[in-house]
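Participant: Numbered by full-length UniProt numbering, the letters in the sequence shown go through residues 1 to 396 in order.
Please keep in mind that the hints were generated in silico from the structure rather than gathered at the bench. Source: prediction; values computed, not measured. Among the hints, erroneous ones may be present.
Here are the simulated lysine-lysine pairs, DSBU-like style, with alpha carbons at most 30 angstroms apart [stated by the list, open to error]:
#1 K156 x K286
#2 K111 x K197
#3 K299 x K286
#4 K299 x K111
#5 K197 x K286
#6 K373 x K287
#7 K373 x K299
#8 K287 x K197
#9 K370 x K299
#10 K394 x K33
#11 K375 x K111
#12 K230 x K321
#13 K287 x K156
#14 K33 x K230
#15 K375 x K197
#16 K370 x K287
#17 K286 x K111
#18 K111 x K156
#19 K156 x K375
#20 K299 x K375
#21 K111 x K287
#22 K287 x K299
#23 K156 x K197
#24 K230 x K394
#25 K375 x K287
#26 K375 x K286
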Amino acid sequence: MGTLDYLKPAKNLLIAVLFPIILLPIPLIGGTKEYYCAYTVIYMGVLWATEALPLAVTAMIPLAAFPIFGVVPANQISGTYLSDGNFVFFGSMVMAVAVECSHFHERIALKILNLTGPNPRRLMLGFQLSTCFISLWISNTATAAMMVPILMAVIKELERCRKSIADPDSILVDNQGESEYGIDPLLIPSRERNIYKGLLLSICFSSSIGGFGTLTATGSNVVFSGYLEKTFGSRPPVTYASWIVWAFPQSFIILIGSWIWLQLLFVGFTKRDNSGEASVRRLLRKKYEQLGEIRYEEKSILFMFLALILLWFFRHPNFMKGWGDFFLSDYVSDGTAAMAMALLMFVLPADNPLSIFRKGGIYRPLMTWKMMKDKFAWGTLLLLGGGYAMGEGKIL
Numbered sequence: 001m002g003t004l005d006y007l008k009p010a011k012n013l014l015i016a017v018l019f020p021i022i023l024l025p026i027p028l029i030g031g032t033k034e035y036y037c038a039y040t041v042i043y044m045g046v047l048w049a050t051e052a053l054p055l056a057v058t059a060m061i062p063l064a065a066f067p068i069f070g071v072v073p074a075n076q077i078s079g080t081y082l083s084d085g086n087f088v089f090f091g092s093m094v095m096a097v098a099v100e101c102s103h104f105h106e107r108i109a110l111k112i113l114n115l116t117g118p119n120p121r122r123l124m125l126g127f128q129l130s131t132c133f134i135s136l137w138i139s140n141t142a143t144a145a146m147m148v149p150i151l152m153a154v155i156k157e158l159e160r161c162r163k164s165i166a167d168p169d170s171i172l173v174d175n176q177g178e179s180e181y182g183i184d185p186l187l188i189p190s191r192e193r194n195i196y197k198g199l200l201l202s203i204c205f206s207s208s209i210g211g212f213g214t215l216t217a218t219g220s221n222v223v224f225s226g227y228l229e230k231t232f233g234s235r236p237p238v239t240y241a242s243w244i245v246w247a248f249p250q251s252f253i254i255l256i257g258s259w260i261w262l263q264l265l266f267v268g269f270t271k272r273d274n275s276g277e278a279s280v281r282r283l284l285r286k287k288y289e290q291l292g293e294i295r296y297e298e299k300s301i302l303f304m305f306l307a308l309i310l311l312w313f314f315r316h317p318n319f320m321k322g323w324g325d326f327f328l329s330d331y332v333s334d335g336t337a338a339m340a341m342a343l344l345m346f347v348l349p350a351d352n353p354l355s356i357f358r359k360g361g362i363y364r365p366l367m368t369w370k371m372m373k374d375k376f377a378w379g380t381l382l383l384l385g386g387g388y389a390m391g392e393g394k395i396l
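Make the full structure from the sequences, and use the hints.
Facilitator: Structure representation (structure tokens):
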């Protein structure tokens, strides 16, 4: 046991150093570039599964390994990290960062929750719908991170109402043992605790389900599209429109199925006390009202977002002539549209242009490089490149 405790701090180092040695029989027995490719891919899989190295660092292994092992030339493998699929992700992430920094996603979520109400079944459906919808356009992780605090505020209000009804003096008691959200899980009745567990899980499930619905919702979708394009270049490409037609209905069906399953597991069908619903409804309404009127910045971002979606959808919609047909064949792509709109985000003002020319007016674009440095998932961009690089090695 003492030896294991001694080795535990060096676990990541041991995995990173020992596994290349353990896997050496693969290339030594085969000797061809296919075996060297398999050796590299398996080693990367081990590092990704164990997180012995940061995910983005592991993704850069093909840049060194493939040229050394004679799998792919250096200039060819480096190009996969800046492929068209990566620029689709880059452009969509610029839009997602703008949405997040303007808090427009909160307005969408709270609006849906105000429509569904605080009943546990409807509340779960509201959270799932809003989470899934937002996850169609921004990363799953960012969606879940944004929705969990909103849900915890709702749970806290439900608990406050339950305690005040059961014991009016309980709200004056010191909050010892409470979590960072002001809730002590040990004092919550098992039925309510199960419902809250179901609500939290519904956010996790819905963010992943929404990430399947559009081509740019999750990086793996973009990787899959790029891999198909490289493998079957002569076939019709996977466009934004064709992906939505194929994936969005499935996402909706899976979402409803997950809602029913979570109802069976955590909510049940027995009648429950609805005395706290009015209070939670007031909380949701108050949080939405605190956002104020929709601002010029939010309107501009919404317009740009819708414009980008339309450009993606109508580039080659398959049922009519798209705008991509007016350019040279295979010259414009979804990455072209994404980058064009992303560049415009750095130019268009976040405030009404008329106010800029008034005395004391300040020009502030919809997107700044500081926002990119703080919010952009640069590691994910490298991770996607690593996926393309692995695919490039396996194709050759």
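Participant: So if I understand the rule, the pair passes when the alpha-carbon distance is 30 angstroms or less; does K373 with K299 pass?
Facilitator: holds, 24 angstroms
Participant: Just to be careful, I want the Cα atoms of K299 and K375 compared with a cutoff of 30 angstroms; is the pair within it?
Facilitator: It holds: about 21 angstroms lies between the C-alpha atoms, which stays within 30 angstroms.
Participant: Between the alpha carbons of K230 and K394, is the straight-line distance 30 angstroms or under?
Facilitator: Between K230 and K394 the Cα gap is close to 11 angstroms, so the pair holds against 30 angstroms.
Participant: Are K111 and K287 close enough, with their CA atoms no more than 30 angstroms apart?
Facilitator: holds, 10 angstroms
Participant: Keeping to a limit of 30 angstroms between CA atoms, is the pair of K156 and K286 held or broken?
Facilitator: Given that 30 angstroms is the threshold and the Cα spacing comes to 15 angstroms, the pair holds.
Participant: Decide if the proposed pair is consistent with the structure: K287 and K156, CA atoms, cutoff 30 angstroms inclusive.
Facilitator: The given pair, whose Cα atoms are some 14 angstroms apart, holds under the 30 angstroms limit.
Participant: Decide if the proposed pair is consistent with the structure: K299 and K111, CA atoms, cutoff 30 angstroms inclusive.
Facilitator: holds, 16 angstroms
Participant: Does K111 sit within 30 angstroms of K375, going by the straight-line distance between their CA atoms?
Facilitator: holds, 24 angstroms
Participant: Mind checking the alpha carbons of K375 and K197 for me, to see if they're no more than 30 angstroms apart?
Facilitator: holds, 29 angstroms
Participant: Take the C-alpha atoms of K287 and K299, compute the straight-line distance between them, and say whether it is at most 30 angstroms.
Facilitator: holds, 20 angstroms
Participant: Need the status of pair K197, K286: alpha-carbon distance at most 30 angstroms?
Facilitator: holds, 25 angstroms
Participant: Taken at face value, is the distance from the CA of K197 to the CA of K111 at most 30 angstroms?
Facilitator: Since the Cα atoms of K111 and K197 sit roughly 23 angstroms apart, the hinted pair holds (cutoff 30 angstroms).
Checked against the numbered hints listed earlier, the structure breaks none of them; every hint is satisfied.
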